[in-house]
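Could you put together the complete structure from these sequences and hints?
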Amino acid sequence: MVERPEDLNLPNAVVTRIIKDSLPEGIAVSKEARSAIAKAASVFVLYTTSTALLVTQKNKKKTLTAQDVLLALKEIEFEKFVEPLEESLESYKKSQQNKKEQKAAKDKAKKADEEKSSSKAQEEPMEVQTTDGDKENTDD
Amino acid sequence: MSENDETRSTNKENNNLEESSGQSQLGSNETEVDVDSVEVEKGSGFLRLPIARIKKIMKADPSLGIASQDSVFLIAKATELFIESLVVESYQNMTASKKKTISKRDFDSCVESIDSLAFLDGAIYE
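Taken in sequence, the protein lines are chains R and S.
Under UniProt numbering, think of the first position of the first sequence as 1, with each following residue one higher.
Under UniProt numbering, think of the first position of the second sequence as 1, with each following residue one higher.
Each hint should be verified, as a subset may be incorrect.
[Claimed, not checked] Interface residues of chain R toward chain S, partial, derived using beta-carbon atoms under 7 angstroms:
(1) Asn12
(2) Ala13
(3) Val14
(4) Thr16
(5) Ile37
(6) Ala41
(7) Phe44
(8) Tyr47
(9) Val55
(10) Asn59
(11) Leu71
(12) Glu75
(13) Ala109
[What the hints assert, rightly or not] Within a straight-line C-alpha distance of at most 20 angstroms, the following computed EDC-like cross-link-like pairs (lysine to aspartate or glutamate) qualify:
(14) Lys80/R x Asp61/S
(15) Lys59/S x Asp70/S
(16) Lys58/R x Glu32/R
(17) Lys39/R x Asp61/S
(18) Lys80/R x Asp115/S
(19) Lys99/S x Glu32/R
(20) Lys39/R x Glu84/S
(21) Lys56/S x Asp7/R
(22) Lys80/R x Glu89/S
(23) Lys61/R x Asp61/S
(24) Lys99/R x Asp70/S
(25) Lys74/R x Glu84/S
In short, the hints are calculated from the structure, not lab data.
Glycine included, every Cβ here is placed at the ideal spot set by N, Cα and C.
Rendered as C-alpha cells:
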C-alpha cells in the first residue's frame, strides 16, 4: 500500500476546530503545536486500530467490531473514553437506523407511485404492459 | 459577580475552564455556548472527523480485513476525544506561566509526562 502523506492526515480545518472548541477563549495554539496534535491524532488512529485488531484476532474473528475497539481503548489506558463513546454510539446507531427507515419508506412510496402510474396507463396502449387488461396486481 | 456575565451566558452552566474576570478576549468568533455544545455533541454522537479519512488511515494496517461501520465510527469519535484531551492536558501544563499560546514545547512535555501518551514518543517528526 503506497503511503501518501495526505491520505494519512486528518483535515486541518476540522482538527483546528476541535482544538479551538477544547480551549477557553483567548488561548491560541502555535502552528507547530497544531501540526503535532494532528499527527498525534493519526498515530492514535493507527495505534487503537492495531490494538483492536489484536483483540479481533484473539477472538478468532475476521471483522473488527465496536466491542474490539472499546476493549482496545481500555488496554491502551484510555478507559475514560469508553462511557462517552458508548453513548455516542447509541445515538449514531439510532440516526443510522432512522436514515435506513426513511430510505425504505421513500423507496416504498416510489414503488407505489410507479404501480399507480402503470395501471393508469391501461387507457393508453403502453408497450411495456401486457394488453390483457390485467389490472390486478398480485399482492404477496 | 458581574451581572453582564449572567445575562450573556444563558446557556452556559458553570463549565468555565478559565476565570475570566472581565478579560474575555473575543478575538475569534466563538461564543460562550461552545463549551456546552461540545458536551451536547458528545452525547448525540455528532462527528466532525470524516469517517472515510479515518478508514483510510486504519487501512494502513495490513492486518485490517473488514471493519464494521460502528467500529470505524468509534475510532473516529475516540480520536476526537483524544485531540480534546491532548489539548486540555497541554493547556493545564501551561497555566502556571502567563502564556496564552500553547507551543510545541508544551505538547512535547505533555507527551513526556503522561503515561498513556508514551505511544507518541518519537512518533511525531517535524
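Hints, one by one, checked against the model:
Evaluation of the asparagine 12/R hint against chain S yields a violated restraint, the C-beta minimum of about 12 angstroms exceeding 7 angstroms. With its C-beta approaching chain S no nearer than about 10 angstroms, alanine 13/R sits outside the 7 angstroms limit, and its interface hint is violated. Annotation: interface hint on valine 14/R holds; nearest CB of chain S at approximately 5 angstroms, less than 7 angstroms. Because the smallest distance between the Cβ of threonine 16/R and any Cβ of chain S comes to about 10 angstroms, over 7 angstroms, the interface hint for this residue is violated.
Checking isoleucine 37/R against chain S by beta carbon gives a least distance of about 6 angstroms; that is within 7 angstroms, so the hint holds. Given hint, alanine 41/R at the interface with chain S, holds; its Cβ is 5 angstroms from that chain's nearest Cβ, closer than 7 angstroms. Taken as an interface hint, phenylalanine 44/R checks out: its beta carbon lies about 5 angstroms from the nearest beta carbon of chain S, inside 7 angstroms. The beta carbon of tyrosine 47/R is positioned within 7 angstroms of a beta carbon in chain S (closest approach about 5 angstroms), and the interface hint is therefore held.
Taking 7 angstroms as the C-beta contact cut-off toward chain S, the hint placing valine 55/R at the interface is violated, the least distance being around 11 angstroms. For asparagine 59/R, the shortest C-beta to C-beta distance to chain S is roughly 13 angstroms, which exceeds 7 angstroms, and the interface hint is violated. Given hint, leucine 71/R at the interface with chain S, is violated; its Cβ is 11 angstroms from that chain's nearest Cβ, farther than 7 angstroms. Given hint, glutamate 75/R at the interface with chain S, is violated; its Cβ is 11 angstroms from that chain's nearest Cβ, farther than 7 angstroms.
Because the smallest distance between the Cβ of alanine 109/R and any Cβ of chain S comes to about 26 angstroms, over 7 angstroms, the interface hint for this residue is violated. The suggested pairing of lysine 80/R with aspartate 61/S is violated, with an alpha-carbon distance near 25 angstroms, which exceeds 20 angstroms. For a cut-off of 20 angstroms, the pair hint linking lysine 59/S to aspartate 70/S stands: about 16 angstroms separates their Cα positions. Using a Cα cut-off of 20 angstroms, the hinted pair lysine 58/R and glutamate 32/R is violated, with the two alpha carbons roughly 39 angstroms apart.
Of the supplied pair hints, the one linking lysine 39/R and aspartate 61/S holds, its CA atoms being roughly 16 angstroms apart against a limit of 20 angstroms. At roughly 14 angstroms between alpha-carbon atoms, lysine 80/R and aspartate 115/S fall within 20 angstroms of each other, so this suggested pair holds. Annotation: proposed proximity of lysine 99/S to glutamate 32/R holds, straight-line Cα distance about 16 angstroms (limit 20 angstroms). In summary, the hint linking lysine 39/R to glutamate 84/S is supported, as the alpha carbons are separated by about 14 angstroms, within the 20 angstroms threshold.
For a cut-off of 20 angstroms, the pair hint linking lysine 56/S to aspartate 7/R stands: about 7 angstroms separates their Cα positions. Taking the CA atoms of lysine 80/R and glutamate 89/S, the gap is near 14 angstroms; set against the 20 angstroms cutoff, the hint holds. Taking the CA atoms of lysine 61/R and aspartate 61/S, the gap is near 17 angstroms; set against the 20 angstroms cutoff, the hint holds. Distance check on the hinted pair: lysine 99/R and aspartate 70/S sit about 15 angstroms apart at the alpha-carbon level, within 20 angstroms; holds.
A threshold of 20 angstroms between alpha carbons decides the hint, and for lysine 74/R with glutamate 84/S the separation of about 18 angstroms falls inside it, so the pair holds.
Against the hints set out earlier in the document, violations occur for numbers 1, 2, 4, 9, 10, 11, 12, 13, 14 and 16.
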